[in-house]
Amino acid sequence: MPARHSETVIRIAGLVNRFGHQTVHDGLDLEVFAGEVLGVVGGSGSGKSVLLRTIIGLNRPHSGRIEVFGQDVATLDDRALRRLERRWGVLFQDGALFSSLTVAQNIEVPLKEHCAMPAQLMDEIAALKIGMVGLAEEAGQKYPAELSGGMRKRAGLARALALDPEILFLDEPTAGLDPIAAAEFDRLIRDLQSGLGLTVFMVTHDLDTLVASCDRIAVLVDKKVRVGTLEQLLDDPHPWIRAYFHGPRGRAALPPGAASAASPLRLAGRL
Amino acid sequence: MASGTATLAAAEEGETLVFAAAGRWLVATAAELDRDLSALDLPRGRRVTLDLAGIDRLDTAGAWLVLRTENDLLARGNEVEIRNLHPGFAPLFAQVRAGGAVRPVPHPRPAHHTLAGFVARIGEVTIGLLARGYGILGFLGLVATTAGAVLRDPRRLRVKAILVQMERTGVDALPIVGLLSFLIGIVIAFQGADQLHRFGAEIYTVNLLGVGILRELAVLMTAIILAGRSGSAFTAQLGTMRVNEEIDALRAIGLDPIEVLVIPRLFALLLTLPMLALYADFAGLLGGWLMTWGALGITVPQFLHQLQSALGGWTFWIGIIKSPFFAVIIALVGCYEGLRVGRSAESVGRQTTLSVVEAIFLVIVSDAAFSILFSILQI
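These protein sequences, in sequence, are chains A and B.
Take 1 as the starting number for the first sequence in my numbering and just add one per residue.
Take 1001 as the starting number for the second sequence in my numbering and just add one per residue.
Source of the hints: derived by calculation from the structure; they are not laboratory data.
Bear in mind the structure is a predicted one, so any value in this text is a computation, not a measurement.
Do not take every clue at face value.
To be verified - Facing chain B, a subset of chain A residues (Cβ under 10 Å, in silico):
| # | residue |
| --- | --- |
| 1 | Gly70 |
| 2 | Arg86 |
| 3 | Leu121 |
| 4 | Ile125 |
| 5 | Ile130 |
| 6 | Leu192 |
| 7 | Leu196 |
Beta carbons are placed, not taken as given, at the ideal position from N, Cα and C, and that holds for glycine.
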């Protein structure tokens, strides 16, 4: 997989985010490569979601430069931004489905908005996406309030994939799911990622997800990020990173032997 | 994204019919491809090959169109072969083939778009209204018993909470209540003077003003403003607490939400609404006098003298007597709808709308009932 990590799709340079007197990001640099799954972790309030929201333009940074597909997001006019937005899909934390629409209609919203498509074809594509995210046929008729948390996330993922984006942003995709549903969701994301050749930018708390899905991990510490593969981060001396990966939950999630920094090589086969 | 970049060409190759797909089969070109494909005359019972060699970009929508064409051909009894699929597209194709087994389901139509559904909806709404009236009556009983218990043991009275609510529902409402009553006074005086002028009875504008403002309009306007301002706030506050499970937390700690949340709001409104009504009386009369002075040249002593002769002993009190009843209606409906909020943020908005509409409706209905009562009592 590292062979494909040549092209940079997201480049963040010198990002500063401030809310009032509180500085969340201070000179943050990060690159995301085509075809990789990047997991972003960090403590509560370290600005993981803010980082995601800043990249997709929902939060205006204090300063810094964000390039997606080589285009500086801040300088784009409305139409160019609209065009760029078609190339990414976002799964918000609880799916953020439109509550007055059925699942199928939710998936059709971006199709209707961006492609002049006959209704029949839109229904077919919506059904296809429902199948691809592993929902049952009848789910298309249901309203978000009738779905379980896991189904809402799958439906949200289907909507995020409606326009066949190149980048997929996921905000805490497994939060609130039971361990079995979370593991299934990890597998689904991995399958879709490899099948559709997606670049995935994933904010998560879930160590299992990190181990199961991510090629590289970006840890938000000290208002910046430290990026590396899991093995590299296991050796990182930073106290928060050590506490994260070598704490009791970290040891439980990592494959046997990996948590001891002495034998990081045993992980190499997994990643 | 330019159109016309995706094509499908048919050619005979010996016994076999070959459809050669080329270009960019993407979601952006799907509409156009779909049109071309449905215009295509599909054969029956033949050997057909779908040649995908010319496709240089493919996404799920494009892959779906290829697979749909394959399915359509198979359904017509053809033998279908897909060839020259670029190996890079193979995983995508597999994904779509797996997902494509799901058939589209019809979108549900709102039931009340049919005649039977419309009739059923009228019934539903009627039963819902009756149920809500019954619910509010039950809530009145619950709150009354709790209020009785609290009054017997005044230490349970949350004085600070009552004062906070009085500030929010009373002090904060002074500007808007004053301004609107003042304007109502002006309007009544102006319209009255205009009509009474024809009979040379302009001085009776003061009578109209005194009776209209003191007996009806001041308290009614105040109640309507408070229903919109405070009743809705009660619903939104309690509703948000429901969504956050704060009400459940209160119960779990052993506190009675009625006692902690509803009683202070009810008592606060019971105290502030009469005071606001009195204040609205003054503001309305002031506006009315200003108008009569400007239009008819009536001075303050004349105005007061005429007012005194116009008002019976009860006129002022009738307005004030009604205000605590309106206070109970607004507080009860506001809190009741707030506690009926479900788990979703959406229902906070729905219940808030309901609460305002219901409170204003009930205030006006009870005002009409008071009119009948007072006419029977001949005061």
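Tested hints:
no.	hint	verdict
1	Gly70	violated (17 Å)
2	Arg86	holds (8 Å)
3	Leu121	holds (5 Å)
4	Ile125	holds (6 Å)
5	Ile130	holds (5 Å)
6	Leu192	holds (7 Å)
7	Leu196	holds (6 Å)
Of the numbered hints stated above, the single one contradicted by the structure is hint 1.
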